[in-house]
Amino acid sequence: DARVTQTPRHKVTEMGQEVTMRCQPILGHNTVFWYRQTMMQGLELLAYFRNRAPLDDSGMPKDRFSAEMPDATLATLKIQPSEPRDSAVYFCASGLGQGSGANVLTFGAGSRLTVL
Amino acid sequence: AQSVSQHNHHVILSEAASLELGCNYSYGGTVNLFWYVQYPGQHLQLLLKYFSGDPLVKGIKGFEAEFIKSKFSFNLRKPSVQWSDTAEYFCAVSTGGGNKLTFGTGTQLKVEL
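So the sequence lines, in the order shown, correspond to chains A and B.
No gaps in the numbering here: position 106 of the first sequence is 106 in my numbering, and each next residue is one more.
Start counting at 1 in the second sequence, then tack on 1000, and there's your number in my numbering.
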């Protein structure tokens, strides 16, 4: 089975530290999404890319969060500086933007972040 | 912008009971509808999807959902739940031909033996 791979699976850090989460989308998928899941807010879309270009990052706090796709096999989500309220599970998902199989997203296992 | 409402936040059922989870969306145009499941400690997995055609769609593990356009609803059903169905269930919608998903708040289902 093709999978979306996320690292790290778990991260505990102290407030103020930089955190970088990585995602390897499924080979051939041209859309990549970052979602954040918390008990209070549920699943929130942070950012998404199509063909490596950012299409929407309106859900992301711009002052501390940044999302990039250095190449088609890697997406990154960075938080600098991190704060306790950033504690959440961050999911990456990938999909095909068009054609057969479009509109279905495959999710990674998530990165559970705890900021102390 | 579209939104998704899931009315039941927590559902507790006994094994073999029938399940129906409500989902309503707000969007006037063409939609694609999804149900995802998240087992404890795991990632989201696709249960079923509706794009067009037969409004009654069947998914994995005996789940089905019915799209009722006039009611803007896409309720999830299963005739007889099992303990292993204990999980959180998310309804989601995408619009305009894209695959950006907007999720509902989720329904936590607990199935008791």
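Each hint should be verified, as a subset may be incorrect.
[To be verified] Reference excerpt, derived from the structure (chain A facing chain B, CB under 7 Å, subset only):
1) Gly28
2) Gly42
3) Leu43
4) Tyr48
5) Asn51
6) Phe65
7) Gly95
8) Ala109
Hints in this document: simulated from the structure, not taken from any laboratory.
Glycine included, each C-beta is placed from N, C-alpha and C at the ideal position.
Going through the hints against the structure:
1. Gly28: violated, 14 Å
2. Gly42: holds, 5 Å
3. Leu43: holds, 4 Å
4. Tyr48: holds, 6 Å
5. Asn51: violated, 13 Å
6. Phe65: violated, 18 Å
7. Gly95: Because about 5 Å separates glycine 95/A from the closest Cβ in chain B, which is inside the 7 Å limit, the hint holds.
8. Ala109: holds, 5 Å
Checked against the numbered hints given earlier, the structure breaks hints 1, 5, 6 and satisfies all the rest.
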